[in-house]
Amino acid sequence: MTIRIEFSKYGKIRFTSHRDVARMWERALRRSELPMAYSEGFSPRPRMSFGLALSTCHESDAEYLDIHIDPERAGSIDLESLTLTLTRNLPDGIVATRAEKIDRNTPSLQEAVTSCTWQIDVTDTDEETAAGAVARALAADELVVTRRRKGKEVTDDLRPQLMGIDIIGPTEDGVRMVAELGTKPRSVRPSELLAVLQPPLQEWRVTRLNQWIIDDDGTRREPIPRRTSASAPVGAT
Amino acid sequence: MASVWPRLEHLLPHVQKPARYIGCEDGAQTPRHGSGIVSWLLTYPDTYEVGLPNQGLQILYEILNERADAAAERSYAPWSDLEILMRRESVPLFSVDNHLAASDFDVIAFNLSAELVYTNVLNCIDLAGMSVRSIDRTDSDPLIAIGGHCAYNPEPLADFVDFVVLGDGEEVVGDITEVLAEWKHNGKGTGTREGVLRALASVPGVYVPSLYDVRYEGAHIAEVSPRFGDVPERVEKRTIADLGEWPYPRSQLVPLTEVVHDRLNVEVFRGCTRGCRFCQAGMITRPVRERSADQVRTMVTDGLKRTGYDEVALTSLSTADFSGIRQVIADTVSGPGCDQVSVALPSLRVDAFTVGIAAQIQRARRTGLTFAPEAGSWRMRQVINKLISEDDIYQTVESAYSQGWRRVKLYFLTGLPTETDADTMGIAEIARRCVRLGRTHQRSASVTVSIGGFVPKAFTPFQWFGQNNTAELNHKIGLVRDATRRDKAVRLKWHDPKATLIEGITSRGDRRIGAVIEYVWRRGGVFQEWSEHFDHDLWLEAMAACGLDIDWYVHRHRREDEILPWDHLSAGLHKDFLWQDWRDALDEAGLEDCRWTPCYDCGACTGYGIEHVVASAAPPAGGSQGTGGARAPGVSSRPAVQPRQVVGVAGS
Numbered sequence: 001m002t003i004r005i006e007f008s009k010y011g012k013i014r015f016t017s018h019r020d021v022a023r024m025w026e027r028a029l030r031r032s033e034l035p036m037a038y039s040e041g042f043s044p045r046p047r048m049s050f051g052l053a054l055s056t057c058h059e060s061d062a063e064y065l066d067i068h069i070d071p072e073r074a075g076s077i078d079l080e081s082l083t084l085t086l087t088r089n090l091p092d093g094i095v096a097t098r099a100e101k102i103d104r105n106t107p108s109l110q111e112a113v114t115s116c117t118w119q120i121d122v123t124d125t126d127e128e129t130a131a132g133a134v135a136r137a138l139a140a141d142e143l144v145v146t147r148r149r150k151g152k153e154v155t156d157d158l159r160p161q162l163m164g165i166d167i168i169g170p171t172e173d174g175v176r177m178v179a180e181l182g183t184k185p186r187s188v189r190p191s192e193l194l195a196v197l198q199p200p201l202q203e204w205r206v207t208r209l210n211q212w213i214i215d216d217d218g219t220r221r222e223p224i225p226r227r228t229s230a231s232a233p234v235g236a237t
Numbered sequence: 238m239a240s241v242w243p244r245l246e247h248l249l250p251h252v253q254k255p256a257r258y259i260g261c262e263d264g265a266q267t268p269r270h271g272s273g274i275v276s277w278l279l280t281y282p283d284t285y286e287v288g289l290p291n292q293g294l295q296i297l298y299e300i301l302n303e304r305a306d307a308a309a310e311r312s313y314a315p316w317s318d319l320e321i322l323m324r325r326e327s328v329p330l331f332s333v334d335n336h337l338a339a340s341d342f343d344v345i346a347f348n349l350s351a352e353l354v355y356t357n358v359l360n361c362i363d364l365a366g367m368s369v370r371s372i373d374r375t376d377s378d379p380l381i382a383i384g385g386h387c388a389y390n391p392e393p394l395a396d397f398v399d400f401v402v403l404g405d406g407e408e409v410v411g412d413i414t415e416v417l418a419e420w421k422h423n424g425k426g427t428g429t430r431e432g433v434l435r436a437l438a439s440v441p442g443v444y445v446p447s448l449y450d451v452r453y454e455g456a457h458i459a460e461v462s463p464r465f466g467d468v469p470e471r472v473e474k475r476t477i478a479d480l481g482e483w484p485y486p487r488s489q490l491v492p493l494t495e496v497v498h499d500r501l502n503v504e505v506f507r508g509c510t511r512g513c514r515f516c517q518a519g520m521i522t523r524p525v526r527e528r529s530a531d532q533v534r535t536m537v538t539d540g541l542k543r544t545g546y547d548e549v550a551l552t553s554l555s556t557a558d559f560s561g562i563r564q565v566i567a568d569t570v571s572g573p574g575c576d577q578v579s580v581a582l583p584s585l586r587v588d589a590f591t592v593g594i595a596a597q598i599q600r601a602r603r604t605g606l607t608f609a610p611e612a613g614s615w616r617m618r619q620v621i622n623k624l625i626s627e628d629d630i631y632q633t634v635e636s637a638y639s640q641g642w643r644r645v646k647l648y649f650l651t652g653l654p655t656e657t658d659a660d661t662m663g664i665a666e667i668a669r670r671c672v673r674l675g676r677t678h679q680r681s682a683s684v685t686v687s688i689g690g691f692v693p694k695a696f697t698p699f700q701w702f703g704q705n706n707t708a709e710l711n712h713k714i715g716l717v718r719d720a721t722r723r724d725k726a727v728r729l730k731w732h733d734p735k736a737t738l739i740e741g742i743t744s745r746g747d748r749r750i751g752a753v754i755e756y757v758w759r760r761g762g763v764f765q766e767w768s769e770h771f772d773h774d775l776w777l778e779a780m781a782a783c784g785l786d787i788d789w790y791v792h793r794h795r796r797e798d799e800i801l802p803w804d805h806l807s808a809g810l811h812k813d814f815l816w817q818d819w820r821d822a823l824d825e826a827g828l829e830d831c832r833w834t835p836c837y838d839c840g841a842c843t844g845y846g847i848e849h850v851v852a853s854a855a856p857p858a859g860g861s862q863g864t865g866g867a868r869a870p871g872v873s874s875r876p877a878v879q880p881r882q883v884v885g886v887a888g889s
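As they're listed, the protein sequences go chains A and B. Residue 80 in this note's numbering sits at position 80 of the first sequence, with consecutive numbering throughout. Take any residue in the second sequence, note its place counting from 1, add 237, and you have its number in this note's numbering.
The shape of chain B in the complex, shown without the other chains (with noise of 0.2 Å):
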């Protein structure tokens, strides 16, 4: 295994932003590689700024160059620059660890966490000198995998990957490690690339694509079938049971030059059961698993202490729902040698127990305040079981005026089911009424409304759905646009709704939309999740020039009976749970948190025998957002299902 540096050095000086490509963070390890050792290339398929803080790398990261079976490195999307540069002077994709070939390592494992990075894991197999397609790789080329949110539907990638990895990381790479160290013990010879696909596939939470037929009849899938005895017919993703069990990273990757959360992170809990139907992460990351707040307090104190970061960020999907987070944050703020250090709380949950805790953190600068609403009505939300009033809304941002915050930001979606005009103006009147509001407090008041085009997921209740059209979604948008226009202290952003379509296409895809992938590819289609990059006519060609049609992949309403791309894989969730999830939301009737209420036995705990980890046995102070406290109407345990709630009675 040769260094590339003595190559790449010579084209460093020619390209943007060089230090993403050297390495060298505090943090970084100097993997020792050998014969019984299984290599691994974990790979962000994007740029170095927004891949190097990824936490899920990172803590695999650790976890192998831990074991002494395994060696770990890291390797980052080149920009275009520099792959011009690569390409002519035949120097290939490669770690930024000891700057070694990607083609040397064992296993090429890419992390996973938005569609439109799709044509860059074609474009990295590529640069690492392999075929991109699975069957035209030889034994000696490393595996391909996946992992990540995205890995939950596959099947637009199965062509291009040997194996994927469902759920948590942290256990079952070590499981892989173990059946490619007997592989590679073996002498990797002529041949044995399909046994050890089987071996892999016998693993709790790996898919190997190959392994598996899908027969179609007409346009849908008629069958999807393992062609092997042993292999499983259904995958299930794996769960670690308990989180502190691994205090994951320990030493957090220090970056030598800027990137985007560059901060200390320390992940408080894992898994939400708040049931945001829209929300893919808060269903494939069931259940919730705490830390203790003693790990958490060890975690943050040593974290800054090692890395000398001004800033941690305490993150999860919903932080204030952690037991004990106001302990946690004071003992933060005002441990030794901490007058400094400021806390980042990346998902607030709208209520007023949230406004207090961030006054806890920002005591002198209070700029900017972010909540996410979701939707316009309380209609709308209790379709998408984001079950917060009116009432808690305006509560929280008059709260927020008050305490000195000028600007108050505000995540909606548009597009989402059963959405009318009058939930979508929702959004606006949302808008105007918080300016209003904060004028009371503040003259320079002011509200960021971001909204974003919804695009439907597997394993969560919407995954029926048919998404909005672009007409649709520009439609909506104007709405709001034009409803604001004339308010100067709204300030109103949106993602492109042609990229919202273009990740529809991949987001429920089948095994065909790989061809699409590929053409995009081969047609210099890269860093799509990049506006100056993003060519969303030349998807259009690939599906035209695929024979594939757009409306029945993106903007058509499932069955219930039709076979998904996904179903011979699990979350965890039993199907008809999501499917009378999906009955409810049409039915505008709300469920509540699990945490604090009996079981609705979606599948996560009790398919694999494990359960919630929360400290607190109550639920969180303050709002009405599912909880058991203020409870809004309409709040319901299955099977009631509420009648039609009108908006601004909500709340009481």
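In isolation and in its complexed conformation, chain A is listed as follows (with noise of 0.2 Å):
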């Protein structure tokens, strides 16, 4: 049995990287005593899949990870319990939001997710720069970055990936602003954009709110999908 668990990171803890989120779920799950499922060989590991890193200084109100359950102690796992008892074991700072169980045929999160919704703060900046900045990108063809990958440098056109991206107002020492970025065939970061804008904003503090998945139908989605409909794509107002 697969159970989808969504979860938010906040405060002093987004200083930690991807990789120890992964291992105080480790701990969290041994220490919430789940009927975890082992994956084989000599060191077997409790079996779970996480979504889309997160960078490092990053927050978020929408991390997702997949964790897998041994059918046979399976038993009756209440999820409105299960994310009270995740959270009391998890580290202060990291909140298990929402759980469900999905299908084992249910693409993995990596797969199924296509853009990201991002509330990005930067500083040293006032809203008519930003804005400008911004419209000039809106308006652009392309938006070419040079990256070095694997000591060769490869160049990008973050154009096609960049969805949308409004102006949300002042901050006490910047501006706030909200975009949402496509993860296909590769996640845009929040700093690749803010250094392809004319001129480059300078990054503060950065939020992940969504994670999206358009479904065959063409229905777009969160991973847990909300009761309430989801809010309109960003730049679409």
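Read the hints as simulated data drawn from the structure, not as lab findings. Be aware that one or more of the hints could be misleading.
What the hints assert, rightly or not - Chain A residues, not near chain B, derived (Cβ > 12 Å throughout):
#  : residue
1  : Ser8
2  : Gly11
3  : Arg19
4  : Ala53
5  : Ala74
6  : Asp103
7  : Ala135
8  : Pro170
9  : Leu197
10 : Val206
11 : Gly218
Claimed, not checked - Below, simulated EDC-like cross-link-like pairs (lysine to aspartate or glutamate); rule was C-alpha separation at most 20 Å, straight line:
#  : chain 1 : residue 1 : chain 2 : residue 2
12 : B       : Lys425    : B       : Asp373
13 : B       : Lys254    : A       : Asp92
14 : B       : Lys542    : A       : Glu26
15 : B       : Lys254    : B       : Glu286
16 : B       : Lys254    : A       : Glu100
All C-beta atoms, glycine included, are put in the ideal place defined by N, C-alpha and C.
Could you use the hints to bring the two separately framed chains together as a complex?
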């Protein structure tokens, strides 16, 4: 049996890495005494699969992992109390928010998620400058970045993956915006977007607000659908 | 006391592994500070990954925070990338619990477990915003303390620290807190610093270097004398009589990011009386104090449940010697819900009994087993009193390979007293023969040999020995390397002899070495235990600049009548016991473990009115390592001196 769990990551703990979070989950699952399914081999590990990595220093409302329960010992797992139990066994700053049983054939999170919505706070700028940079990016035909990959220079066009971007308003020392960035063929990071803007903007706090899956019928939904309808895509208003 | 977090969090996105600086571990505390509360900043002067698992620091962190009159937080040396930003933005050294500035604390106490971190101690004091020399500090500055194994020769740091704590910290931190609470209650007024140091000097186990004058005659120390009548002539270490009364840490810290030894640790006993003559830990932590098997079981079960770890290490200086070890392990790996738990035994004896235990705990994955014969010949092992016969080694290794292990790791020291090329070559011979034995059981059998250069330490029988120089160590390592080069199944690793040399400077240095440490630190020499930062030439330059002779400090044999820099301190061991043991070493005479034989009066028990706490009156079965059973020839009780043994006849 597979259970998909949604969790948030906030505060000082944002400075831990994706791998650190994976280890926290391993310990939390053991502490919760869940009847996990274990991998085969010399050093069996509890079977779980994480979704897209969250960069160190970023916060999130929308992280996901799938855990695999030993079907013979599954019994009746109460999903409501499961999130409370998990949160109690996770470090401060990580909260299990929702859980849902998923079908065995459900595509993995890494495959299924096509875009993410990010709240991006930038510093050392004002609303007008940021709005200008954003407008130029949206008007551009291409946004070319060069990066090093395995020792070679690779160029990518980020423009197709910039699905929308809105200025929300001023913050204490900068501007808040919200952007939706694609994850196929690879995840575009908010820092890459900020660096390619004209002028480039200085990142301060970044929060992942949503991850999005497009169903076969074209419906756009979160990995665990909310009962209330999902918010409209960024830039659609 | 204001938090530096709002300033620090802007720096963390720009450094490697920022999780090292956030605290938030499971088990972390949020101590409350206040006027009547003595605040301690327990600092490990190396990176978080190395320092976080330190059990000594975690034990004191809990004990102090349980007291109504104390609050303890933790700090670790920031890595160079953060240090640059901290200096640029004027962010001081901080605690990881409440992120308070180090200068807000009453005491900054450093745990010292290796000599090469000394320059980091100066760097941390400087990052805290204080003068590194105690004489330049003001009444409002925190007191700087050191403890841990290196504190047994604190003289190289004498000019930088205010007080030194010798021995077990469990009880003495309370005594110190009471002295400081009174000082704090009286307002820590101007000119009261010497007074509080005088009061601290009267606490047993506390040494205040500034209250002693050192007089030299030529290069030698002529006299170390207390400056006041109420200051003790000799400072004795502290020893807790019963480890069972101190079941700490109760809430071991579970780090959020990767650290060394990332597992539950349960200390099963403290102290060791095997009597290995090179081993400072075994000499200064006597006597043996075991926990009861029941307490160990409880600490393991509760610890695993609380932390969520799936691995527990049973720690001590020689865990196979723990009475009832088999039962404790059996209960751990077969307890309810323990089907995935693995047990680590970090220091194992070389004998068949040990392999039996290992088989019990590594049921599935048998990749590597580690043993420490320490020397390549029986003669050499008698000198160092590591009484393992050839038969022990080969039977142990064969038994490991035959039970499915593919790799055996062997630790050796080189540069030992009286070591000849033949002794050194014995390391290569053991490695090759182990591979041959292994091949009869496993096609892919291999041996990893790890060689460390020997550094003589204070309060050991080898404290008088002139350390080998770099050329000698390179020669010896070269011998083993050449002899094993063609054997692909032997993997050889060694400690850089240049680092061994520098460790030797501070290991037995006196107060004059302080200037060398400061010279190296002022020229950027920090994180010297990290190979990418280690700067051998800078140390040589510092020795020359201070007019000090490396040969004299490191490579010279000391005489019996020489006043050693740490002679006014005591680890309980009588100096004449150590000297006799040194003579016995040169005579190649071994000395049995006193846990199961009559007392040699080394002083560690008799001097303090304590004794061994050992559940089993009989030595563990199997092997000949200093035990009464299948005893190797040459093992004697003092004063008999045995004739030289020929390699190969041992272990009858």
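In rising order, the numbers of the hints this structure does not comply with: Going through the list in order, the structure violates hints 2, 3, 10 and 16 and respects the others.
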